[in-house]
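Position chain V with the ligands against the provided structure of chain X, taking the given hints into account.
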Amino acid sequence: MSEASPSPWPSPRARGEGNAADNGASLLPAMAGRRWPAGRMRGRFKDQGRQAAAKRVQFASPFLPYLFLAPQLAIIFVFFYWPSVQAIQSSFYLEDPFGFGSTFVGLTNYADVLKSTEYFGIARFTAIFTALVTFFALAIGLLLAVKADGVIRGNAAYKTLLIWVYAIAPPVAGLIGMMFFNQHIGPLVEFARWFGWDIKVGLDYFDTAFAMIVVAVWKQIPYNFIFFLSGLQGIPVSVREAAAIDCRSELRRFWTIILPLLAPTAFFLLIINVTYALFDTFGIIDVMVKDKAANNPITLVYKVYMDGFRGNDLGGSSAQSVILMLIVLVLTVFQFRFIERRVHYN
Amino acid sequence: MAAIDIAGVSKIYTGGVEAVKSVSIDIADGEFIVLVGPSGCGKSTLLRMVAGLETISKGNVTIGTRLVNDVDPAERDIAMVFQNYALYPHMTVYENLAYGLRNRGTPKAEIDARVAEAARMLEIEPYLDRKPRALSGGQRQRVAMGRAIVRKPAAFLFDEPLSNLDAKLRVSMRGEIKRLQKRLGTTSLYVTHDQLEAMTLADRLVVLNGGRIEQIGRPLEVYHAPASTFVASFIGSPAMNLLKGVLEGGRLHLGTHAIDLDYPAPTRGPVTVGLRAEDLRPASAGEQALLFRVDYVEELGAQRLVHGAVEDQPLTVALPPETPLASELAIAIPMDRLHFFSAENGKRLQRRGETDRTAMAVPARPQAVNLESVS
Ligand SMILES: Nc1ncnc2c1ncn2[C@@H]1O[C@H](COP(=O)(O)OP(=O)(O)O)[C@@H](O)[C@H]1O
Ligand SMILES: [Mg+2]
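Here the protein sequences come in this chain order: X and V. Residues 1 to 346 in our numbering are what the first sequence lists, from first letter to last. Residues 1 to 375 in our numbering are what the second sequence lists, from first letter to last.
Chain X extracted, bound-state conformation (with noise of 0.2 Å):
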């Protein structure tokens, strides 16, 4: 235990240090041995290809490696590039609604989505939408972990009951949380009728959009709980008790010792947070809106389902998720090149 370890997984070996040398290996087993690649992206690349080398195992034939890539590469081919060539493909074509052929259009179904205002109101609300729950989920995952950080140090019994939390949370946290907006039986409903307000998900845009971003933070918050928990664990206790010698201020601790430990970790759920936001709060939308999405807030890929399977323009549909993934491409370089940049790896 030579130096910190502020991975976003609690290692073992910073942790079996000084006298709380708490009993709770680790918090997470099953993730203990994961990590984020992001972790070995720069600087250790020219150790790690010389460790490689050293390591480079010998196989008998020369395909026998690319064996035994094959199934996870035929997974990520049938259902990652396969999908996405076919979706370039048809942003170029017109499809027939009625499905007898369709015609080359070049970039008309580009040109048209992006002189749509619609396009960009709901762009505008995905992006709104994605930065706030992102924002919040994080906060108050923070904020939880952080509280629960103080009480759980070396009491094992509390450590177990979190991880429930985290087994059992997100399906059944949806749940309650739909229900947080239930016109009849919602306790948010009710709560907002004492001050004269009268919630009404899925027929008033912004209550509509005040619910999806409450379930979608709502969701999200045990999970990065978790992470936020089991990062602060694996803190040293002792570079916390020297911080404690060497700052009064308890906040100025936080902001100055345990947050830029905490950075590996917080990188990793703000892309996780993100995407999140973007592609699978598509549930929680799908069931605020239901049928009525035309006055309603909804996401990118939710309209790009919407266009594509209820209104059948598969060729603008296939034009969105393009520029989806792009967009989701271009944020994830400027995440990994601005961010990460200062971050500390350990």
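Just so you know, the hints here were simulated from the structure itself, not pulled from any lab data. Treat the hints with care, since some could be wrong.
Derived list of chain V stretches under chain X, where covered just means 3 residues or more per stretch with a C-beta under 8 Å from a C-beta of chain X [to be verified]:
1) 65 to 75
2) 80 to 91
3) 96 to 105
Taking beta-carbon pairs under 7 Å as the criterion, some of the chain X residues facing chain V (in silico) [to be verified]:
4) 238
5) 239
6) 241
7) 242
8) 244
9) 245
10) 246
11) 247
12) 248
Think of the CB as a built atom: it goes at the ideal place given N, C-alpha and C, for glycine as much as any other residue.
Positioned in the frame of chain X, the structure of chain V with the ligands alone reads:
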């Protein structure tokens, strides 16, 4: 700089473990105190109570003139060096050193000056812009020391700061810590389980056993007059030989051997007799002697450690390397170097007329340094 007073301090952990039991130590300003004892005896707990990292269950800790029981660690004016260094991994060496000063609102110029001075003293100037992960263990150790020094605290607290270093580095860092402490004159409380480290560093040693103080004293005091069989076997390498014997009619019976004492016996009946390996030598003809059966020999270069037994009781003898060996040796009894301990509770039995060898402690200092070659 300040004196530290530890008065009747106890620690009871939740769960009821009493890790420290009513410990009192009076530490003078500028003194180097070493807490030494086997693993789990409560050394770290005591140190951490002084640091404020553990609450004090009973008793009082005073630093300078201030009772600090309820004072925040950052407000106690102490600096601590941890076993695993506990450097801030995301900060450069410079930032690691400056962090504590910045948080105390020290002006930038002053911080720069202090960091530069500490870096020069510890020879870490070339690494000021590096992150800790790009440093070797020894360099990290120096940075950890530097972080303590720049603060100019009233006291340094060390928790086994050298245990993660290799043997050679440990010896040189040990010397350096001692030199720095003397130069800065900062009161220091140092925890180690290594008796050699304790002997070489301490102005005074505090030997702990099971949360209690066994003995407080200058290193040679403790070495020459251990207060109990525990201290006798813990301090010094090789450990002091402890033999079961019986005192009767002015004679010491060790098994079938009977030795005439030339002074009044400190007690009657069963006793534990302590013999330092280095106080033993082959007997010349006509001398009172123990018949020693040799089992095996450890060659240390400067001396040889001969392990064997007197009848059925194990004994180790340190002999000059040129001493001829046989399978049986007659070992002389150093009458004035016998230690007697109660057979019941292991406490030292002071014999009348015992020369106070601790008075020679200061000039005899090089003797302690000799021990280094042993371990
Ligand atoms: N946080 C804790 N909770 C309960 N018991 C503890 C805790 N820390 C240490 N102990 C116990 O207190 C005793 C002394 O520990 P410690 O001070 O670390 O010993 P040392 O530093 O001398 O090896 C040990 O028996 C240890 O198990
Ligand atoms: Mg300890």
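Results for each hint:
1. 65 to 75: Satisfied; 4 residues make the cut.
2. 80 to 91: Our answer is that it holds, as 10 residues pass the Cβ test (under 8 Å) against chain X, meeting three.
3. 96 to 105: Coverage by chain X holds here, the residue count being 3 at a Cβ distance below 8 Å.
4. 238: holds (4 Å)
5. 239: holds (5 Å)
6. 241: holds (5 Å)
7. 242: holds (4 Å)
8. 244: holds (5 Å)
9. 245: holds (5 Å)
10. 246: holds (4 Å)
11. 247: Holds: closest Cβ of chain V sits about 4 Å from residue 247(X), inside 7 Å.
12. 248: holds (4 Å)
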